[in-house]
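Q: Start from chain C and add chain B according to the hints.
Going down the list, the protein sequences come from chains C and B. Per my numbering, the very first residue in the first sequence carries number 10; after that it's consecutive. Per my numbering, the very first residue in the second sequence carries number 6; after that it's consecutive.
This list has only true hints and no planted wrong ones.
FRET-style restraints, in silico, Cβ to Cβ:
| id | chain 1 | residue 1 | chain 2 | residue 2 | range |
| --- | --- | --- | --- | --- | --- |
| 1 | C | S98 | B | L274 | 47 to 53 angstroms |
| 2 | B | P102 | C | A76 | 22 to 28 angstroms |
| 3 | C | A76 | B | A301 | 20 to 26 angstroms |
| 4 | C | A76 | B | R93 | 33 to 39 angstroms |
| 5 | C | A76 | B | E288 | 19 to 25 angstroms |
| 6 | B | G277 | C | S98 | 47 to 53 angstroms |
| 7 | B | T34 | C | A76 | 39 to 45 angstroms |
| 8 | C | S98 | B | R324 | 26 to 32 angstroms |
| 9 | B | A301 | C | E137 | 41 to 47 angstroms |
| 10 | B | C332 | C | E138 | 32 to 38 angstroms |
| 11 | B | K326 | C | S98 | 21 to 27 angstroms |
| 12 | C | E138 | B | G127 | 53 to 59 angstroms |
Just so you know, the hints here were simulated from the structure itself, not pulled from any lab data. Values in this document were obtained by computation on a predicted structure and should not be read as measured data. We put the CB at the ideal spot given by N, CA and C, even for glycine.
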Amino acid sequence: MAELTYPAELRYTKDHEWARKDGANVVIGISAFAQDSLGDVVYVELPEVGDTITAGDSFGVVESTKAVSELIAPLSGKVVERNDSLVDSPETVNSDPYGAGWMIKVEPSDAGAFDKLLDAAAYTQFTEEQG
Amino acid sequence: MRYFPHTESDIQEMLQKIGVQSLDQLFSTIPSNLRLDRPLAVEPALDERALMDHLEELASKQPKGAPFLGAGAYPHHVPPSVDQLLMRGELYTAYTPYQPEIAQGTLQITFEFQTFVTLLTGLEVANASMYDGASAAAEAALMAVRISREKKTKVVVSRALHPEYLDVIRTYLQEGYEVVEVGFGPDGRTDLAALEAAVDENTAGVLIGYPNFFGVVEDLAAAAKIASDKGAIAISCTAEALSFGLLQAPGALGLDIAVGEMQSFGNGLNFGGPGLGFFATREKYLRLFPGRVAGATVDRNGDRGFVLTLSTREQHIRREKATSNICTNHGLNATAATIHLSMLGKHGLRALALLNYRRARYAREQLAAHGVAPLFTGPVFNEFAVRAPADAQERIVEAGLSGGLPLRRYFPELEDGLLLCVTELHDKSRIDALVAALS
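Looking at chain C on its own, in the form it has when it is part of the complex:
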């Protein structure tokens, strides 16, 4: 297994989601640590475009061959786009968690929420403590 990486331009949560700024919006996915812990992802269930998500609440589920886990929203906002290719290719979450494996794009209700998330160094330290 390749070493797990945590790109510096992203922000993270202790629930192992990542967030990336995309103009005024924020793209959300799960971290390399999360996909590695889950194992082979076989199914992803995401909210619909237009749905509202709330920080700390579940916005979907990710199912691997050994577990089903909730996806926890890093911040609150409205879903403006979702990655429908994950329906047919959920394994992308394993192979490219920060790229093609992205999950939803959100218009945050609080523009400052993003900056309050963990940076890569803090998250790396958190995963090491977890490990």
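A: Okay, now just chain B, sitting in the frame of chain C:
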């Protein structure tokens, strides 16, 4: 799997191990006023021969032959070969062995049961059975809510659905959901205009009996269209699964979920239970449907094998987030149905269904010719309601027959309605005796 009762020496050994003198001492923490200080008030045990005489005497008080009664549990011939195969030690257990390493036969039967359910219902996926038709109907209603991502909270149910199914649906959906009933017309079918008026944007699912409680075959395609036009899930509930031998499959009529009771295949009446629920749906809803599922796969040698699959949705893994509370099935009953269906085959199933249809039609026509008119005008399979004389039940018993359900028990407005069921177990002479008793 074998089980042995404890012998007296087993019990003594266990008591000694934990340092207790007697069973009384073991139970000493139970307050004495809660303990029975005398033997249970039961008659002394009979020896085997005397017991069999006693049981035969009790049985002789029953009217002979199958009752003219369906209403959710249908009298059908269970070939002795079903019971013979069911008695095999590998199959005859309350718990189904699921470990793929030791239970390939059991898992293959489960997989074949699912295959039969998909063939009968015309849908793509089926689970390994539910408790009974009523709980399957309630689970289907909950699944419709899940498909709406819990955004829709209303379920519309035909009043011509089995009233006890409706009770169970109400029980399952009592917190946070709305169950709306829609009436039926003089044909005994669900009032489609009323259905159309009741189904709205907040309706998660629509449940229709097929055939319904009155034995009437609904216009399922029209009901399904009303549901899907409003984005609701169309659900059919079939208490008499033998009807699939003649009727169009729900999947071909636009239904999203087909549930019901499969007791008719390989399972006797058993005093009303246990039943055998079935549950089928479209593949796109695979992850939202309840219960166990057996899947086909290949082992490391590339040989075909069977395993339980999609278990990640279930309670023992997802706990309170599980798809459904049901985490088990009626494996033995499903096995009996699978054996019976595999012996019937495609042509046998159709022949048996036709026999039921023709005998019921003969009974219905003879009754009508003798002044006992049908209660409804809609098409029926092997069950139908008539306008019966007030003393109908007494007359049936006096003629040495049994059955017939007075509909006023569930539908006060159907005061003189009597629901009758005629299957392959009712030959012409018995039908003629019923007609003579009622006319």
